[in-house]
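Hints are included, so try docking the two chains, each in its own frame, into the full complex.
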Amino acid sequence: MALHLPKYKKRTIDHALTKYLRPKYIYIPLINAGDTNITNLVQKGDYVYKGSIVARRKNPFKIPLLSSVSGTVIGFEEHLCYNGEIVKCIKIENDFKEATINSSKNDKLNTYSKKEFIEIIKECGIVGMGGSGFPTFAKYDTKKKINTLIIDAVESEPYVTADYAVASNYIEEILETIDAILEINNIEKCYIAVKKSNHELVNIINSHIGTYLKVKIFLVDDSYASGWERMLVSKITKEEYKIHPGEIGVIVNNISTIYAIYEALKYNRGLTERIVTFTGDMLKVPQNIIVKVGTPVRDVIDAIEGYKRNKDITFIAGGPMMGTSLSSDDLMVTPNLNCVLIIKKSKDEESLPCIRCGKCVEVCPAKLSPVLIKENLKSAEKLQKLQVEKCIECGLCSYVCPSNLNMRECVKLAKSKVRG
Amino acid sequence: MKEIHIKEGPFIKSANKVQNMMKNLLISLIPIVLFSFYKNGYLPFKHGKTDIIGLIYPLIFILVSVFTSCLTEYFYNVLIKKEKKSFKSNLLFSVFPGLFLALTLPINTPIWLLIIGAFIASIFGKMIWGGLGNNKLNPALVGNLFVILMLLLMGNVNYLNSYESTIIADANSLVNPATLNVIGTYETLVAPYGSLWNFLIGTVPGALGTTSVLFCIIAYFYLTYKKALKWRIPLVYIGTVFIITYFIGFLNGVGLWYPTFQILSGGLMFMAIFMATDPVTSPTTPTAQVVYGMSLGILTVLFRYIIPVSNGIVISILIMNGLTILLDKIGAQARFDFKKISILILVEMVLALAVSIYIAEVKNNLSVPNQESNLLQE
Chain A
5 MALHLPKYKK RTIDHALTKY LRPKYIYIPL INAGDTNITN LVQKGDYVYK GSIVARRKNP
65 FKIPLLSSVS GTVIGFEEHL CYNGEIVKCI KIENDFKEAT INSSKNDKLN TYSKKEFIEI
125 IKECGIVGMG GSGFPTFAKY DTKKKINTLI IDAVESEPYV TADYAVASNY IEEILETIDA
185 ILEINNIEKC YIAVKKSNHE LVNIINSHIG TYLKVKIFLV DDSYASGWER MLVSKITKEE
245 YKIHPGEIGV IVNNISTIYA IYEALKYNRG LTERIVTFTG DMLKVPQNII VKVGTPVRDV
305 IDAIEGYKRN KDITFIAGGP MMGTSLSSDD LMVTPNLNCV LIIKKSKDEE SLPCIRCGKC
365 VEVCPAKLSP VLIKENLKSA EKLQKLQVEK CIECGLCSYV CPSNLNMREC VKLAKSKVRG
Chain B
282 MKEIHIKEGP FIKSANKVQN MMKNLLISLI PIVLFSFYKN GYLPFKHGKT DIIGLIYPLI
342 FILVSVFTSC LTEYFYNVLI KKEKKSFKSN LLFSVFPGLF LALTLPINTP IWLLIIGAFI
402 ASIFGKMIWG GLGNNKLNPA LVGNLFVILM LLLMGNVNYL NSYESTIIAD ANSLVNPATL
462 NVIGTYETLV APYGSLWNFL IGTVPGALGT TSVLFCIIAY FYLTYKKALK WRIPLVYIGT
522 VFIITYFIGF LNGVGLWYPT FQILSGGLMF MAIFMATDPV TSPTTPTAQV VYGMSLGILT
582 VLFRYIIPVS NGIVISILIM NGLTILLDKI GAQARFDFKK ISILILVEMV LALAVSIYIA
642 EVKNNLSVPN QESNLLQE
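Residue numbers (the working numbering), protein chains in the order written: chain A, 5 to 424; chain B, 282 to 659.
Check each hint, because a few of them may be wrong.
As the list claims (entries may be wrong) - Quick list of in silico lysine-lysine cross-link-like pairs, BS3-like style, CA-CA up to 30 Å:
| id | chain 1 | residue 1 | chain 2 | residue 2 |
| --- | --- | --- | --- | --- |
| 1 | A | Lys11 | A | Lys348 |
| 2 | A | Lys239 | A | Lys118 |
| 3 | B | Lys507 | A | Lys386 |
| 4 | B | Lys369 | A | Lys421 |
| 5 | B | Lys363 | A | Lys389 |
| 6 | A | Lys378 | A | Lys312 |
| 7 | A | Lys200 | B | Lys330 |
| 8 | A | Lys28 | A | Lys48 |
| 9 | B | Lys288 | A | Lys351 |
| 10 | A | Lys66 | A | Lys394 |
| 11 | A | Lys371 | A | Lys421 |
| 12 | A | Lys95 | A | Lys118 |
| 13 | A | Lys382 | B | Lys507 |
| 14 | A | Lys193 | A | Lys126 |
| 15 | A | Lys92 | A | Lys386 |
| 16 | A | Lys118 | A | Lys23 |
| 17 | B | Lys610 | A | Lys419 |
| 18 | B | Lys417 | A | Lys14 |
| 19 | B | Lys288 | A | Lys288 |
| 20 | A | Lys13 | A | Lys351 |
| 21 | B | Lys610 | B | Lys507 |
| 22 | B | Lys417 | A | Lys13 |
| 23 | A | Lys13 | B | Lys507 |
| 24 | B | Lys288 | B | Lys366 |
| 25 | B | Lys369 | A | Lys351 |
| 26 | A | Lys11 | A | Lys220 |
| 27 | B | Lys621 | A | Lys11 |
| 28 | B | Lys369 | A | Lys371 |
| 29 | B | Lys610 | A | Lys239 |
| 30 | B | Lys369 | B | Lys508 |
| 31 | B | Lys283 | A | Lys288 |
Simulated from the structure, these hints should not be mistaken for laboratory data.
Here the structure is a predicted model, which is why all the values come from computation and not from measurement.
If we strip away everything but chain B, and leave its shape as in the complex, we get (with noise of 0.2 Å):
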């Protein structure tokens, strides 16, 4: 007697499965992370300015933060939800929120609000609001918000690691460009830090794991060929930046060094790689992606010159994921009729010109010396 299943088709499926895809983002991690510690952990202990425990750190800061995050869901399942779930089976999907949120502080961070920012992040972040695939904003970017919420209340906002603080006097017109009068000059912008190629690199000061555009970059193609990725979010997003600060630095006689800073600088590509493309909070037909990146893109613009630019994109992309849904109605439409959103597009560039020429009009004048100079510190 033959033993015959029935099975609901189709009969064959595809391997790149969700497990897949988390491990393709954690591989494509593994650069930044290492960056990570040999800038905030390795060139200090090279030039004696931290001890051994000093050198691993930046590794012991994003275990915390991770291993709080796991935690955190295990319990919530286990004593809320009241789930059976076994730690190690739920282990992949619960790294994520404390893993970015340390990527995204920087590393003078208190340990303790690292892991209070941690267990925020995933209880007000995800698991409130039903765990994996039901929430609305982005875990670790409340995570962060809170944080660095509670630094500025503190008065404890530093992003110089020990040995960054004994050459830069301080990195405050890289993280707030805001509270210069101008739009900045070569001088003041990019060169206490070295060149542009410091900003792609990742050689300058910022979060403990933002600062590396190259590496970012690498993991966009990698997890892009492997399918893991909405691609085209980031591109529409870092493309709108960079087209709107083109047009500020246009009006007002800068090169192309000055787009060109923009988007390497203040971890924008950081964010718009891997925390804009968050897939549960991020919009899934095409067209909608493309109004969100440019609308990210906008909003980043508007803040990078009211208040210090990792935040404005913290803020920028919360709002946009509250936008998710309502976009993602107007995308599915536009499948069948463009039309439906080409004027939302239109109207996104018509908004995004006037930015940039509202932008260039109010920080208009260069020529004034800038008053907070941050000259080299022999």
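Extracted from the complex, chain A is given alone in its bound form (with noise of 0.2 Å):
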């Protein structure tokens, strides 16, 4: 069953895009991909330049951390980061001159080839910006023959509406960077995954796609489960894969990332910045925002007239299905962040029994029962009959149930006892 979700983007959509570029301090968390084994790379007292590289993560990616101001690193301090977790993060005073090293430009993006191109999208520490962080270099970095390239700009969370935001500002860009990257990697085709109900982003891309005979558009439904890579790639190739795409020749790349790889591509500039979409009906004035890699989420949410009231406040990094809740406001932007969702905390509901209305097996879209699952938590072996390993922990199964049992915790709970 497909699940519509309501959509709540009208005010951020309607709502020009604006900047905050000017922090005090930056402070660059050491983690990637929820992995904080990341090598430091500078010491207090050190001048840095905007784009240079402060950290770099251990292997096997090894893909840097950037600095996105130039200034002194004035020393090391702990953070929330938007897993929940405290994170140890680079602090460093913005000089305010925005001096770079190494910059360039570079008409013709198809110019280099694929070994250049893995290696500049790697050292310009360009990884999925669609929320995952995964090193995007890694994806290429592959000796299959890739045939497809899947962009996403489905962005089925509701309230987010960053990918949005970049698509309709950057279209030309995009499609030329596609087109780049398509004849440098030597792949066949590329569709673009947007919502049928998206009629303004179908619009802007139809427009601008006719010289670009290789790249078409992919309309996907209105569910929310639209956007989940797997079933993208199914609906788009036909084809199963069993951990990664890159198995049948295929690479999923979010919208906002091909943007990034843009600016490496044609300036040589790392990922030091990105549109985060600041919303929720605790913020006075919701709307996207361009905001330096390392800005405290603080300073921006007080740069746009900040919250409308000070206590009730529930603080999500991320999307209201697959975000975060956080204890404070103390987050600093990283690369994937793509959401800063802040709601009035709503009241604590009571949960009623399991009535088995079978409503969280018929949404899910990993195809499990969490009924059974629940009713099954005592047994390691039905568990992994049930292949609780499956679940994507896209949060419809809690969403949908009437009890107001939190069926996705249910299943975290069985994956962590399969997994022993």
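Shown next, in the form of structure tokens:
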């Protein structure tokens, strides 16, 4: 059953895109895609340029973390990260000069060889900007022949409109980059996946896509699960993969990531800023803002007229379905942060016993049966048979449960039991 | 200083809660309750067969049963489970055993027996299993089985209300076609009670609330639209009964009226839509629901030619309630690999065909005139 969630996107779509690019201090959290095994490369007192490498992830990915301003390293502090954990951060004082090194301008984006392309998007610190933070170069650094590139512009989570803001403002650059990527990597075709109901985006893309013969739009239905990578690949290529799409010659990139690749290929600029959707009914002016990586979210909120009230706040890094509720607003922007959602704390609603209505079974995109998983929590063997490891933690089972049970937590518990 | 609270995600929730589903269920029952009042209270009153008490008796009947159920649950919670639940908070969930019990019993059921039945439905059908969500048998049907058994033992089963008993000799062939030696003809099965339209609207003898097929169908669409019902179960259940009885009729040369009559009579529509779909006791996975419906159909048709119709349905549902967990196990696997359940479905289809052929053979003599004729009494 394709479940449609309420959208809550209008306010941030209608508001013009703004910028907050002058933070006094930035804090680069030493984390990438949930991994804190990061080697720090600077010391207190070092001068850094905008875009220079301040840390690097250990094996096997070795993706660098970049400074988003030029200035001096003040020291190290610990702050909240998007996953709710406290992470060590490099604190840098902004000298507001925006000084860079190695900048260049490359008019034709396709003049790189495949090897150069992989090297440049790696050293520019480009990671998955739809939320995963996975090092993008690793997807292209493969011996397997890639025949399809899928651009994810679905953005199915409610409230989040950061991808829409990038796509609607930079569509020409994005299409130019896609074309270059296809040529450099010898990929035959590209599909841009967009929601059927997102008429504005469909029109924007259609009005520019004419000259790009290898790029086509692929319309997906309006349901929440349609943004799931596995479902996208399955719908577009009609093939299934086991662990990652590379197995069947497919690469999926978020559309914001493509724009970051544009900046890298054209200007040799590292990933130092991104669009974040600041939204929710507890914010005075919800909007999409271009912010630098490492900016304290608190500063941004103050700059956009702040909270409506000072209490009863739930502060979420990410969207309403897959985001994490944090204990304070001491969050720093990271390349994978696409949304800051600030809503009124809702009443704690009582949970009733499970009435076995079966709605969780009907909505699960991974075809799991959460009801049975809940009933068999004691037996790891039975849980394995129920294939709990396939759960993608999308949250639809919790959303739909009439008894207010947090079925997602239940399945997560089951997963940990199976892992042992 | 900002007051920020941590909460577990997801942070948006569907508005369709259990309370909404229960309320929608009650709303869908309103036309049925009103019709039962019309047929068993207003019509007899209008024709001078009862007094004012008799006029509102159907409503009293239902209220007594509902009240007994609610009180039983409340006292069980307070005295035995030692929970401090208020009467009001559990009210919405505790009405249903009593409500459905009253609707599926004949109006002639003695009130004292109804009260005991509602008590038994709540205790043995629901509370001893652990209350809401834990019972493995449909509570109202547990009570129903008890009451009907008592009525049979007392020799007191009578489905005709005070008005119907003056215009119809008896409802035996309608309630219990098993007594017929043959499949039955239109003249014996339908004509004594009107036409098939009467069966659709519900002005035929039967239990208090199960006769009106029309309002049950309206309720089905309403509840499916409001996402408060396991819609596959009634669809497959009724469909299976129709197909099997169609073959029985076809092999005996009777027309489409026969399967139509079969699905419009005996309270099948009500039972299929309200009782077989009880969320707690029916399967949760889609393919298991289909197998559940098919099995119910086969069992119901089989029982129809052996024991009175409504009781056959009650027993079929209670049997399948017992198999729900097993079916769900298979259904969960079938979500990944449909082949695991497709064999079961195929077996069911063959079984359905076999049943229809068997019954057609056993009851195949149409032309022998029926000994117990049920002519309209002037």
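Decide if the proposed pair is consistent with the structure: Lys417 of chain B and Lys13 of chain A, CA atoms, cutoff 30 Å inclusive.
-> 44 Å, violated
Assess, step by step, whether the Cα of Lys371 of chain A is no farther than 30 Å from the Cα of Lys421 of chain A, and give holds or violated.
-> Roughly 20 Å between the alpha carbons, so the hint for Lys371 of chain A and Lys421 of chain A holds.
Does Lys508 of chain B lie within 30 Å of Lys369 of chain B when you go C-alpha to C-alpha?
-> Roughly 25 Å between the alpha carbons, so the hint for Lys369 of chain B and Lys508 of chain B holds.
Restraint status (C-alpha distance of Lys507 of chain B to Lys386 of chain A at most 30 Å) = 34 Å, violated
Do the alpha carbons of Lys28 of chain A and Lys48 of chain A lie within 30 Å of each other, as the hint requires?
-> Since the Cα atoms of Lys28 of chain A and Lys48 of chain A sit roughly 17 Å apart, the hinted pair holds (cutoff 30 Å).
Holds or violated: are the alpha carbons of Lys610 of chain B and Lys507 of chain B at most 30 Å from each other?
-> 27 Å, holds
Restraint check for Lys288 of chain B with Lys366 of chain B, where alpha carbons must lie at most 30 Å apart | Roughly 26 Å between the alpha carbons, so the hint for Lys288 of chain B and Lys366 of chain B holds.
Quickly compare the C-alpha distance for Lys13 of chain A and Lys507 of chain B to 30 Å and report which way the hint goes.
-> Within the cut-off at roughly 26 Å; holds.
Does the structure keep Lys288 of chain B and Lys351 of chain A at a Cα separation of 30 Å or less?
-> At roughly 10 Å apart (the allowed maximum being 30 Å), Lys351 of chain A and Lys288 of chain B satisfy the hint.
Is the straight-line distance between the alpha-carbon of Lys369 of chain B and that of Lys371 of chain A 30 Å or less?
-> 38 Å, violated
Straight-line alpha-carbon gap Lys92 of chain A to Lys386 of chain A, limit 30 Å | Given that 30 Å is the threshold and the Cα spacing comes to 40 Å, the pair is violated.
Restraint check for Lys417 of chain B with Lys14 of chain A, where alpha carbons must lie at most 30 Å apart | 47 Å, violated
When each numbered hint is compared with the structure, violations occur for hints 3, 4, 5, 6, 7, 12, 13, 15, 16, 18, 22, 27, 28.
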